[in-house]
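A.B. asks: Each chain, written out:
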Amino acid sequence: MSDLTQTAPRSGLSLGLLNVARGALPVVVVVGLLLGIWLAAVGPMNFRLALDQASRGGADVVPATPQEQGQTGLIRLMLDNPSVLPAAYVFERPRLPRPQDVLIEMRDNTVGLARGCEWTGWGAEAENWTGFSDGCLRVVNNRRSLIFHAWKTLAPTLVGFAIGTGLGILLAVGIVHNRTMDLSVMPWAIASQTIPILAIAPMVIVVLNAVGVQGLLPKSLISSYLSFFPVVVGMVKGLRSPGAMELDLMRTYSGSGAQVFWKLRLPASLPYLFTSLKIGIAAALVGTIVAELPTGARFGLGARLLTGSYYGQTVQIWAALFTAAISAALLVWIIGAIERRVLTGMGLAR
Amino acid sequence: MSVVANRGFAGLNPKIWMAAAACVAGFAYDWRVGLLLTIWFVAWGVNVVLSGQRSRAARLAVPVIFGVTLLVLWQISVRAFGVNQVILPAPSDIWTAIVQNVPILWADFMQTVVKGALSGYVIGAALAIGTAIAVDRSQFLQRGLLPVGNFIAALPIVGTAPILVMWFGFGWQSKAAVVVVMVFFPILVNAVAGLKATEAMQRDLMHTYAASYWQGLFKLRLPAALPFIFNGLKVCTTLALIGAIVAEFFGSPIVGMGFRIKTSFGTLELAMVWAEIAVSAVAGSGLYGLVALAERRMTFWHPSQQR
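Heads up: the protein sequence lines correspond to chains A and B, in order. So the first sequence is residues 2 to 351, counted in this note's numbering. So the second sequence is residues 2 to 308, counted in this note's numbering.
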């Protein structure tokens with residue numbers, strides 16, 4: 002450690018840190034700005050509710066009756082009753098919760114669920130195979146746990162994504178090697194992207210349930226459909242990306258069709274494939290969540306959104322939304338990490 | 002005579018023999034399977050011949066034949082196998098539902114597409130482009146906004162629908178709000194990237210003309226950004242429709258495509274559900290086509306538009 006600090010010139014080290022800070026600072030500022038706008042909006046959004054509660058509680062508010070309050074503009078109300086504003090920020094069932102309320106809700110519904118969590122080991126006292134006490138496992142298997150619901154959404158997403166990607170790559174290979182397939186299927190593949198098929202996802206689920214297909218598969222079907230076309234379009238572009246020069250080179254090596262495919266077209270298509278995969282997995286997750294919406298799904302992030310909306314639990318909706326966002330970011334990040342490793346290994350990284 | 006015939010058969014592609022064998026096997030198993038296989042292989046054979054042609058008409062005919070074949074297969078298999086209406090209606094049933102319900106479909110179209118999706122789309126696009134121009138002068142904000150915008154664009158934003166319906170009520174305003182949120186970030190990211198797309202040489206030329214900031218913006222950088230902006234606009238046409246329809250699942254007046262899909266499904270009028278899907282498909286492709294047309298008119302100078 003001391004060697005490192007001695008050999009690395011001091012100015013270089015601090016310059017490196019400065020560069021990292023310079024890259025991260027704008028992002029931090031923008032995120033801070035967005036959070037600031039959110040916090041500033043909490044008061045006005047909840048003000049009418051808080052005012053109503055205050056006047057019911059017997060406090061002196063300026064237009065005394067709810068009817069007059071309803072007819073008065075929001076800015077007027079806020080100017081006349083500044084004392085109610087703090088109450089708007091700590092409102093019980095807010096129209097817009099504070100960011101920290103959402104974080105607290107997320108903590109309560111993940112690690113906060115643990116009861117009597119301890120390490121039991123795998124010996125005679127083990128309560129289950131993980132070696133942690135059952136109290137710990139409440140974090141992931143409790144019905145309230147966001148991790149539990151996220152997994153109920155992620156599992157079909159991943160299965161569907163795998164199916165969609167596999168079929169998409171196969172179709173793309175067919176399209177590139179068969180002119181008839183290219184002319185017949187490609188226009189429809191592109192046109193199908195302009196159709197809001199996601200909107201009927203819930204119906205597809207119910208129909209499949211009626212036919213007897215149940216469990217993971219119906220939701221996976223939606224996510225596979227949504228990840229299928231981005232992969233087809235991206236892969237066709239990628240497999241066709243080698244130029245005349247490279248194809249000619251393969252011909253001078255007297256490479257066979259299979260060799261051209263495995264040694265030139267497939268490697269050349271990988272950057273395009275990864276870009277499509279990132280779009281595809283985000284679309285697949287959205288598909289699963291929407292598919293859960295009006296079908297009365299009991300588990301999953303979509304189900305959390307729906308029950309939250311039924312019972313007016315805004316904090317629950319926001320927590321589900323944030324969990325979905327974190328899941329999406331995680332999935333895209335994982336694919337990005339694989340992309341960097343693979344492309345760097347192949348010398349294709351930009 | 003037999004020599005000629007032999008030659009004729011021998012000259013045939015072995016693939017045709019395989020297809021014919023598959024059809025015969027299909028008929029032997031079940032005449033309906035055989036019929037479907039025969040139609041499929043005949044249509045595919047026509048397409049193979051046509052795709053060998055160089056003419057423009059042949060290139061246009063191939064996808065049409067493929068689409069029509071799928072429709073015919075759908076119709077025949079639903080009728081021949083007696084598939085329950087509740088599971089999958091035949092295309093002819095869907096067409097009947099469309100023809101019989103034109104006024105309802107038109108009202109739903111106006112409510113969801115024109116009032117909800119289009120107004121939200123226009124507001125969202127205007128806000129996004131305006132924001133892009135506003136942050137354009139600050140390198141700092143741009144560097145922060147691009148990664149954050151890219152991140153948000155990948156999130157399941159449609160999940161905000163229940164919140165926005167709670168805020169803006171059941172009318173079309175809440176649907177427009179969902180659409181605004183959905184289309185804002187993809188267009189913003191594209192517009193910010195597009196405004197940076199000019200080369201130093203071009204900006205220097207503007208400088209030598211003593212062009213003001215606004216002149217440089219309107220005469221050089223905004224036109225140069227158009228291909229990027231249109232890219233975002235095209236992606237967002239579908240998003241807008243999805244947002245407007247999905248938001249109606251969380252609450253709507255008794256008109257609208259999402260409402261109709263949900264209630265028709267509840268009463269098991271599947272043909273009506275499919276009719277709405279057909280309308281949304283036409284609306285989605287039409288919207289995309291309009292934006293693509295505008296792109297062709299406005300960015301005719303870009304290499305991607307030249308054929």
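In case anyone wonders, no lab produced these hints; they're calculated from the structure. Model, not experiment: these values are computed from the prediction. Every residue, glycine too, gets a C-beta built ideally from N, C-alpha and C. Careful: at least some of the hints might be erroneous.
[As the list claims (entries may be wrong)] Covered by chain B, per the in silico footprint, the following chain A stretches (three or more residues, Cβ under 8 Å): (1) 36–42; (2) 84–95; (3) 122–130; (4) 140–148; (5) 243–257.
[Said to hold, decoys possible] In silico DSS-like links for lysine-lysine, alpha-carbon gap of 27 Å or less: (6) B/K235 to A/K238; (7) B/K220 to B/K197; (8) A/K279 to B/K197; (9) A/K238 to B/K220.
[Said to hold, decoys possible] Covered stretches of chain B, going by a simulated chain A footprint (3 or more residues, C-beta under 8 Å): (10) 28–37; (11) 123–135; (12) 184–190; (13) 194–203; (14) 217–227.
A.B. asks: Looking at the structure, which of the earlier hints fail to hold?
C.D. replies: 1, 2, 3, 4, 5, 9, 10, 11, 12, 13, 14
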